[in-house]
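**Q** Kindly generate the complete structure, drawing on both the sequences and the hints.
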Amino acid sequence: MAKTYDYLFKLLLIGDSGVGKTSILFRFSEDAFNISFISTIGIDFKIRTIDLDGKKVKLQIWDTAGQERFRTITTAYYRGSMGIMLVYDVTNEKSFENIKNWIRNIEENASADVEKMILGNKCDLDAKRQVSKERGEQLAVEYQIKFVETSAKDSLNVEFAFYTLARDIKAKMEKKQEASNPPGGRTGAHQLRANEQQRKPTSWLSRCSVL
Amino acid sequence: MAAQNKVESGSEEMPATSTDPSTEQKDRLIAAVKKEVKQLMEEAVTRKFVHEESGGVTALCGAVEACLGQGLRRRALGLFKTSSTTALLHKIAKNCPEAALVSARVLAAEGAPATRSASGVERRPSAPRPPLNKRGSGSLLSQPPPQSKYLWIRIALFERQLAKIIEHLVNNASRYYEREALVADPDYGSILSSLLVGPCALEYSKAKAPACFWSDPPADELVQRHRMSAGTTTPPSVRRPILNFRRSLNASSDDGSTVTTGTANATASNAKDYVESLHQNSRATLLYGKNNVRVQPKDVEEPMAGYLSLHQTAAGLVIKWTPNQLMNGYAESEGIDKSQYRWHLVHVSACPHECILCSAAPCTVYRRRCAGSLCINCVYWAMSLQVCVWEVVYVHVHRSKLSDALILVGQDGVQRPPIHFPKGGHLLSFLSSLETGLLPHGQLDPPLWSQRGTGKVFGRGKVRRQPLPSLCESGETEEPDWEEVAGDYVFRIVNNAITDREAMRHSLLERVVQSPPRTPRRPLASTSTTSSDSSTMSVDFPPPGLNGHTALPAPNPIVEEVASIELVCSTMRRQIISRAFYGWLAYCRHLSTVRTHLSGLVNPNIITREGIETGLTEELWRSMMDNRGIVIDKDEVYRIVYYGGVQHDIRREVWPFLLGYYEFGSTAEERIEQDVAYRRQYETTMSEWLCVEAIVRQRDREATAASIARLTESSGKPRPEVNEPGEVFEDDCSVISDNPPIVSPEPSDNEQRKQESKPILSRAPSIDEVDNIEMDSEEKGKESSKVNGDTETETNDSRDVDSLNELDDDDEVYIKSVVENPDMRRESIAEIKRLAEGFVQKGEGRGLLCSVDSANVNLNGSDLKSSIDEYQPSTHQQHTSVIITNPSVDLAPSGSPASGGTTANVSPARSPLGVVREESQSAGASFDTLEPSDARPDNRSNCVSPASSNGGVYSNELVESFALNLHRIEKDVQRCDRNYPFFTDENLDKLRNIMCTYVWEHLETGYMQGMCDLVAPLLVIMKEEAVAHALFSRLMHRARDNFPSGQAMDAHFADMRSLIQILDCELYELMHAHGDYTHFYFCYRWFLLDFKRELVYQDVFSAWELIWVARHVASEHMVLFIALALLETYRDVILANAMDFTDIIKFFNEMAERHDASAVLSLARDLVLQVQTLIENK
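Read top to bottom, the protein sequences are chains H and E. Counted from 1, the first sequence has number 208 at position 208 by UniProt numbering; the numbering is strictly sequential. Counted from 1, the second sequence has number 1021 at position 1021 by UniProt numbering; the numbering is strictly sequential.
The set of hints was computed from the structure by calculation and includes no laboratory data. Where hints are given, some of them may not hold.
Claimed, not checked - Chain H is faced by these chain E residues, among others (derived, beta-carbon under 7 Å): (1) L711; (2) R978; (3) G1010; (4) P1044; (5) R1085; (6) N1149.
Keep in mind it's a predicted model, so treat the numbers as computed, not measured. Ideal Cβ placement from N, Cα and C applies to all residues, glycine included.
**A** The following block contains the structure:
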C-alpha cells in the first residue's frame, strides 16, 4: 500500500484498568464516547492521521489491558513505541499513585528517549474527584513529564494531548536528524548545548538523559 | 491497489451477429447491465464513493455499450467508425441537449493532448474531466489506458446524463435501430434507461477521498472488496496442496505451472497481468517478440494474426501467442491477483468469472466458443497460446513456399496449433532465440548452429538438420537441398534437469543390477556440446516421451571423451544423489516432527458425522434419558453436540453435563441433591468473602474520605505520602505482604469499650456507595419479617472490630477525612446524608461518622434511638479507633434485620463462618462472641449474607488482596456486556457474586481480566448463580492456564504455528515474511476468552459447546482449530492485502462479532478431520 503519510508514530496508552484508556482512544480516533466499553483484553490499536505543521503524521495508538497481570504482554509493545500516554483517573486515588509504578515500568521496558505524557482523565466528574489538578501537576513536574487533565466524555483536551505528544515526538525526531546529518562541528555545538542544559536540574532534557 | 471489480466485461462493441434468438440475447444484455448496476451501487454503498476508474464503472459502460451496439443501424446511419455508438452520440446531439453536452465533452476530451501519465493518477483535481484518451491510441504493445474505453458513456455517466440520453435513444429508437434491437424494444429499452438512473445519481470521485487516503481501510471494507472482487467467494479450503512437495523436491520437472495451449482461459483478473507479462518486466525477460504471427486455433477456420513472444521466466521459457483482438481490445481490469507467482498458470476450472454479456454462464463454456460474438473476449482468451517450453518435446518446422510453420509437440504427444511465421527469416530468428533461451539448462537437439561435419549425422531419415537457408551464414550450404525453401525439420528440446534425473535413476539401477547398458548407446550429443557438463547425459537417456523419429544414436564417439564424461557423470551423479537424499531426509524429519507434534492435537480415531442432521434437540435429549433421568450414552451425546450443537432451550439442562458438573450416570434426583449441596457450599463461601468485603468497603470509605479531605483542605500544599497502606501496584499481592498483620496494638482497649458500648454490628461497613440506598429501603421493608440468626453466628463477630481497628493506626487523617465526610459522599450517599443530618448534630464532633451510619440507623427503625443513645458513651473515647467501631456499635441494637435475601442465598449468615483467624484473638475480643451476630444481609448483593460483623480476624494481607480483586471485579463487572439486555443491574450483581466467590476461593491467583467474560455466557444460560459458579469453576480448569499465570497461551501459539505451516503454507509464508507476527498475539483474545469477544452471544454458545465436547470426540484443542478456521476464512483477504502484524490485529479486532460463526465452526471441524486424516495416513 502506498505510503500516505510523512511520519508514523507508534503511541501507547497505559494506566490502571478502568481509567478510560479505551475511551480516550475512541474519542481521539472516532470522536465519540461510549459509556459501555468493555475491558480491553490483549491489545488493540487505532489509527488516526493528523496534520502537524504541514506533515501528515500517522498515529498508531496502541491500547493495552490495564491489569498488571497482563504486563508481560503489554510490555512487548513498549519497545516499539515512540510516545506513551500515562493515564490515571482523577476520581481514583490509586490509579494516580500507580502512575509512578507505570513510569517505572516504562523505564524498564521502553526505549530511553520515549516521549511521555500524563493524562488525568475523567476530569468532568468534578464531584467525585479525588486527585486535584495540582497534585497531577506536581507529579508531572517531579518527573518532568507533560501533564494535562482530560475528559474523554466531554472531549476535553484529548486532541490537545495527542497533538502535543505527536509534536514533541516530531520535534525530537527532527532534532535527531539534524544532529546526525551535519558533520562534526555542528554536533559539537549541539553537545555543548546539551551540557548547558544538564546543569539546570529542572531541565526536561537533563531528565530525559537520565532516564 | 486491490480492485473492486472483477470482470472486464465484454470489452469491445461487437457487431451484433448473434445467432441466438433476439429476445434471449436481449435478456442477456439487460441482465449484464443489471448486474453491473447492482455491483456499482453496492460499491457505492460500501465505500461511500466510487472511483471513476473503478472496474465497476468500466464494466457497466461495457455492458451499456453492448446494449446500444446491438441492432444499431450502422449502415443506414453511416456509422462505421470504430466506436459506432460514439458516432451515434454525436448524431443525436442535434436533437438531444443532454447528448449535445456530453458530445461536446467527449470532443474536448478526445482533443485534449494526452498528457496523462501511464498510471492515470496525474490529474488535475479540479478538472471536471480526467484527461481521457482517444481509444486505440496506444500502440499495439502498450496497454490502452482504461479511461479511454467507452469514453462517451463514461462521461455521460459522470455527468449524470446517461439515463436521459438513453431515454432519448429509446424514444427515438426507430430512427437509429433495427426493429428487433434491444433499444427499440418497448420493454427492454425503458428498462435499460431506468436501470441507469441509479448509477447516474452516484458521486464519482476522481481522486481518492482524503479520508480514504489517510486511513487504512477498515476490516469491513477489506472483506467487502474481497467479496466483490472475487465474485464467488473463494472456498476457504486450502488451495495449495497441504504439504508442499514441489518446493523441496525437484523444481524443474514437475512444473505444475506449465500451461497448455487451447485450454488457456485466462481469468479476467489475470488478464491485466497477462498483458503486462507480454512485455519486458521484472519477472520475465522478453527474448523474442513478433506481431502478426498467424496461428490457427482449434475450431477456427483460418489462421488468425497475433503476437508471438518468447519469455524467459523463473520457471523456464514460455512461448506465448496472443490474438491481436486481445492485444488491441484489451481494457484494464482491476482485480486482486492472488496468483501472481502463478501468473502463467491459467486453470480453467478455477476461473470464477462469468462472461459479462452472458452472465450466469461460467467462463468454461466459452472455451468451446459458446455464444458467438458476445463472448468473443472469452473466446480469444481461449485461443491464446501459452506454452512452457519444458513441456515441449519436439519442435517441428515445416517450410513451404508460402510460410514457415512451426508446430510444438508436447510431452503428451499433443500438437499445438501450428504457428505460421511470415516469410523472411522470422522463424529462424525465433528458433535461435529459443535456443539461446534454453541455455544453460537445455538445448535444441540437434543444435541449430552446428559444426560442419556433424551436420550429416542429423540429416538422417526425415529429420533434417537445418542450417536455415539464406540467413545462416555458417550454414552448411554445400548441400543444395537444405537450401530448398520447402522442408521439414524436427528439433528435440532437451531439458537437462530432466535428463539428469533420468541419468541418476539409471545409474542407480545400474548399481543394483550391474548391467552396463550405457556403453552401447550413443553419446552423440557430446560432440555438439562443447562443454563436458552433465547435459550430455541427456543423450544417453532420452526422456520417456521419446519415440521413433528422433535422431538416433550416432556412431563413432571418441573413446577418451567418453571416459572423461563418464567420470564427470559419476561425480555428478553422486552429488545429485546425495543432495537429493539429504533433501529428502530433511523433509522426512520435518514431517515426522510435525506429525508427532500434531498428533497430540487431535484424537487418533475419527468419529464420523453420519446420521446427525440436527443438533441435540429437546426431543432427542429426552429420548436419551431413561425414566430416572439417567443419560447413558454419553459418547453419543458428545458426538451429536459436536456436529450439531445443542438446541438453545435445553442448553441450561445440558451444559452442566457437557462441562462435567453433572455425571452422565446420575439420576435426576441425585442432580437435584447435588445442586442443593453446591448451593449451600456456595453460600457459605459467599458469606465469608462478604465479611471481608464489608471491611474493604469501610476502608474504602476512609480512604476516599481521606483523599477528598486532602483534596479539599490541602489542595494547595502537597501531601507527599498517602495514608493508604502498602504501595500496592495493581493486584500485585506480593507487595502487600509487607504490611504487618493487622490486629491493632490496643485491641483490648477498644474491645472493652465496645463491649460496654454495645453489640457490635458492622453493618455500616457494608454499605456500599453505589446502591445502598435502594437496598436499604428494601431491607427496611423486610427487616421486620426476617428472623435474625442471632444466636448462631455470634462467635465471630467481635473480630471485625479488630480488623477494623487496624485502620486506626493510621492516625488523625482519618478523623479529618471523616469530618469532611458529608461533603463528599455526594451521590450515592446523598440520601443517607439527608437522613443523617439530624444525627450529625447530636453526634457533635463525630458527626460525620454518624452521617454514614445514619442510614443504617435509619433502617433499623425503632432501634435507632436506642442505638444512638448507646452511642454516647463511645463518643468519649480517646482513640481514633472509636471512629471505626462506632458505626457498628450504633447499629448493633438494631439486632439483625437480617436476611433480606431475595436471591438464592437463604441464610449464609447462619453457617458458621470459616473465617480466617490468623491471629489469636486478643483477650478482649473473645467475649464479643456473645453478641448477637448481625447476620445482616449485605447490601450490595441481594443475597442474604452476614455482614462483616461475623467476620473472623482477617489478616491485613488477606483484606488487601481481596480488596484489590474486589475493586477490579467491580470495575469489570460494571462494564461487562452492558449492551446485552441480559445484564441488568440485578444480573450484574450475580455476576459479581460469582466472580468474587471464585476469586475468594482462588485468592492466590486472584481475579484476572477476562474472567468476567467467561462467566457471562454461563450466567446467561444458567440464570442461577450457584450453578453458573459451578460451571465456571469447571471451565476454569482448562481456561486458567490461558491466563498470564499459566503456560497454555504460548503452547497455543506454537501449535497454531505448526498447524498453519502444515495446512496452509501460503499463509505461513506470508506470516514468515512478516516475521513479526509469527508470535500470533492477534489470537490472544481468542484463546483467552474462547472466542467470547469474537462472536455474538448465540454463536458463543455454539462455539463453547463445540469446544467442550470436542475433547471427547475429536480434539482436546478445539480452540486451535476454531482459530485456524477464523484465519482460513479470511486467508484470501489477508493474503491479498499482504497484511502485516498490525494490519491483522486491526482486522480481527474490527471483525469481532461479525463472523459467520456456523461456517467458521464447520470449517473448524473440517480442519480437525484434515489433520486427523493427515496423521492417519502417515
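**Q** With reference to the structure, classify each hint as holding or not holding.
**A** Hint check:
For L711(E), the interface hint holds, the least distance from its beta-carbon to any beta-carbon of chain H being 5 Å, beneath 7 Å. About 4 Å separates the beta-carbon of R978(E) from the nearest beta-carbon of chain H, less than 7 Å, and the hint is met. Interface hint status for G1010(E): upheld, as the beta-carbon distance to the closest one in chain H is roughly 5 Å, under 7 Å. The closest approach between the C-beta of P1044(E) and any C-beta of chain H is roughly 5 Å, which is under the 7 Å cut-off, so the hint is satisfied.
The interface hint given for R1085(E) holds, since its Cβ lies 4 Å from the closest Cβ of chain H, which is under the 7 Å cut-off. Hint on N1149(E) holds. Least Cβ distance to chain H is approximately 5 Å, under the 7 Å limit.
Of the numbered hints listed earlier, not one is contradicted by the structure.
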